[in-house]
Amino acid sequence: MTALNEELVVDVESGSDPSTDHSVAPEASSWRNIWKRFKRNRLALVGLFIIAALVLIAVFAPLLVRLESTIGGIARLDPEIGTSPARLQPSADHWFGTDKTGRDLFARTVYGTRISLLVGFSAVLLATTVGTVFGALAGYFGKWADTLIMRFTDVALALPYIVLAIALVVVFGRSLVTIVLVLASLGWMSTARIFRSSIIQQKNQEYVEAARSIGCSSWRIITRHLVPNAIQPVIVYATLAIGTAILSEAALSFLGVGALEPTPSWGLMINHGRSALRSDPHLLFFPAAFLALTIVAFTAVGDGLRDALDPKLKR
Amino acid sequence: MAEVDPAPRGTDGEPLLTVEDLRVHFHTDAGVVKAVDGVSFDIHPGETVALVGESGSGKSVTGMSLLGLLPKPAAQIPTGQILWRGTDLVPASEAQMRKIRGQEISMIFQDAMTSLNPVMTVGKQIVEMIRLHLDVTRRQARARAVEMLDAVGIPEARKRVEMYPHEFSGGMRQRAMIAMAIACDPQLIIADEPTTALDVTVQAQVLEVLADVQQRTGAAMILITHDLGVVAGVADRVMVMYAGRLVESAATDPVFYDARHPYTLGLMASLPRIDVDDVVIGSDVDLRSGRRLKPIEGQPPSLLHPPPGCSFHPRCDLADIGGACTEEVPALRRVAIGHTAACHFADDLEARAAAVGTADAIDLVHAAPVVEGPTA
Numbered sequence: 001m002t003a004l005n006e007e008l009v010v011d012v013e014s015g016s017d018p019s020t021d022h023s024v025a026p027e028a029s030s031w032r033n034i035w036k037r038f039k040r041n042r043l044a045l046v047g048l049f050i051i052a053a054l055v056l057i058a059v060f061a062p063l064l065v066r067l068e069s070t071i072g073g074i075a076r077l078d079p080e081i082g083t084s085p086a087r088l089q090p091s092a093d094h095w096f097g098t099d100k101t102g103r104d105l106f107a108r109t110v111y112g113t114r115i116s117l118l119v120g121f122s123a124v125l126l127a128t129t130v131g132t133v134f135g136a137l138a139g140y141f142g143k144w145a146d147t148l149i150m151r152f153t154d155v156a157l158a159l160p161y162i163v164l165a166i167a168l169v170v171v172f173g174r175s176l177v178t179i180v181l182v183l184a185s186l187g188w189m190s191t192a193r194i195f196r197s198s199i200i201q202q203k204n205q206e207y208v209e210a211a212r213s214i215g216c217s218s219w220r221i222i223t224r225h226l227v228p229n230a231i232q233p234v235i236v237y238a239t240l241a242i243g244t245a246i247l248s249e250a251a252l253s254f255l256g257v258g259a260l261e262p263t264p265s266w267g268l269m270i271n272h273g274r275s276a277l278r279s280d281p282h283l284l285f286f287p288a289a290f291l292a293l294t295i296v297a298f299t300a301v302g303d304g305l306r307d308a309l310d311p312k313l314k315r
Numbered sequence: 001m002a003e004v005d006p007a008p009r010g011t012d013g014e015p016l017l018t019v020e021d022l023r024v025h026f027h028t029d030a031g032v033v034k035a036v037d038g039v040s041f042d043i044h045p046g047e048t049v050a051l052v053g054e055s056g057s058g059k060s061v062t063g064m065s066l067l068g069l070l071p072k073p074a075a076q077i078p079t080g081q082i083l084w085r086g087t088d089l090v091p092a093s094e095a096q097m098r099k100i101r102g103q104e105i106s107m108i109f110q111d112a113m114t115s116l117n118p119v120m121t122v123g124k125q126i127v128e129m130i131r132l133h134l135d136v137t138r139r140q141a142r143a144r145a146v147e148m149l150d151a152v153g154i155p156e157a158r159k160r161v162e163m164y165p166h167e168f169s170g171g172m173r174q175r176a177m178i179a180m181a182i183a184c185d186p187q188l189i190i191a192d193e194p195t196t197a198l199d200v201t202v203q204a205q206v207l208e209v210l211a212d213v214q215q216r217t218g219a220a221m222i223l224i225t226h227d228l229g230v231v232a233g234v235a236d237r238v239m240v241m242y243a244g245r246l247v248e249s250a251a252t253d254p255v256f257y258d259a260r261h262p263y264t265l266g267l268m269a270s271l272p273r274i275d276v277d278d279v280v281i282g283s284d285v286d287l288r289s290g291r292r293l294k295p296i297e298g299q300p301p302s303l304l305h306p307p308p309g310c311s312f313h314p315r316c317d318l319a320d321i322g323g324a325c326t327e328e329v330p331a332l333r334r335v336a337i338g339h340t341a342a343c344h345f346a347d348d349l350e351a352r353a354a355a356v357g358t359a360d361a362i363d364l365v366h367a368a369p370v371v372e373g374p375t376a
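Just so you know, the sequences run in chain order C and L. For the first sequence, position 131 (counting from the first letter as 1) is numbered 131 according to the numbering used here, and the numbering increases by one without interruption. For the second sequence, position 147 (counting from the first letter as 1) is numbered 147 according to the numbering used here, and the numbering increases by one without interruption.
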């Protein structure tokens, strides 16, 4: 209230003599405020650092490890190169040890970061795009458009997720692209629902009417006015969904319907490590730890974002 | 209205806007709400017309209907014409309306905080308005935006143009809205309670800015308000709405000093008068005249089931219950030059008050023309 009063005083003064008003003290912009609130959440901050580190690892993977030591990686190389003794325990030479075919586990885990983030980001990007378009149309136009889109969403939500994912991957062939498409096609519904309700909430705001009163078309109102105002909950959800998508990819790979050997997918690595759990626990431990860390990081950041974007929501 | 009254205030008689028998019905689950029920008026170039009434009287709906901003399909216009410079806007297409909105008729809303987009800078919003209607480059539009902010008295416009609405104070936000509204030189500005959300001191400044821009641009203005203080200060003419109908329409002075409708009188009686000295701030007694501020008893009628006859009769001290007032809807008729009222007793309210004989009735007709009014 005090700040508001001060502002009013400033305004009153400026009204009497505009030229002398230099006391313009702009409040922090809203993004700066969000960052300020976000920073207060330690866990979210740690999560953000972890994600930043993972992104750096993914981008600079070729500088960290030699591709050939993964035997494969994303591009399959000559299997003769860089073979080491199989099932070495972690050591100075092989930080995470080697797997049963003698591939360096550290190199594979590092490259696995690439796979996971790539799949997670692109699946969520695709799902969010589809979801926001559907959600915006349903929320803004309402009536039969709303009914049609939302019933379609309900049907899609009612389908058994993992079973359908397995079925689709089997039908369309096992590849990372297929996985991304499958995860996106099964993940857009929540975004659509969230964005729809957010749009409905926003579209009755006065600024929308004001925008119409200056001659904005519906298209313009949606894209320029409604989307930027209604997108916040979607951003939060998408952040959380990246973690889920990464987990789903790992799960599909673990179940044997995801990435194909020798792609260094964490899920695939965990699956292989499982069979040698007693003799070589490191084979399971490292990829699983990376997977868990990644998901926890995205969840923490998502939670932090939600609290920062909507301080009223804080319990 | 068959009778021809002289066009107000130095206009050439050709109205900018003619509203003829406008009706706006809202179809709700409970039934049809007649929010506007047969309203007719003219707006001439350059004049300021106040549209006065309490919440739910249909004044905002009237304003919205002029711009085709009624929520469809809930709101329907079963009859009526809105002639804007000779073209009827009621059947106009959305594309036609978009060209008119902002460029020819622009709107100022009550709460600038909620009617400016919170995630866009003020400058961008004004630029959007300009570029929607005028074929100019981004740079030119921006220069125009700065010029407009400057014109409404926003200091350091060049810097402010980059700021977000929440970085503005309430008064400045409303000025920014005004800047936006005049950016394309509209011929008519509809100001829907432009000062209601503001501090009293800031209200005065905003009204000054409005009067100033109006003088500069020559635009006509419809001022929708329930604040009679504002009306007295800026309006050339006043139209009083009650339950979706116009009940009185006249130049500002006659409304204040020679009101011919009991509702208008009631509004005056409930208004503390600053034009009388010795009014104790915060007191509900006007010391000079010794009168108490008198509220209008009761509630506005339900527009879903309006009372029969005159819609004001349940609250009217002068009503002839069982007579004309409960039987017949009074027509808006001419009571003096440029002055119309919709009351069965509009010609002689004093005689009616004497006939009723209650203290309330006599108070009512004597309370309004406070002291040296032309009729006192």
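Keep in mind the hints are simulated off the structure, nothing from the lab. These numbers come from a predicted model, not from an experiment. Don't be surprised by glycine CBs; every beta carbon is placed ideally from N, CA and C. One should not assume that every hint holds.
Coverage of chain C stretches by chain L, computed from C-beta distances (three or more under 8 Å per stretch; other residues unrestricted) [stated by the list, open to error]: (1) 201-209; (2) 212-218; (3) 223-235.
Tested hints:
| no. | hint | in the structure |
| --- | --- | --- |
| 1 | 201-209 | holds (count 4) |
| 2 | 212-218 | holds (count 6) |
| 3 | 223-235 | holds (count 4) |
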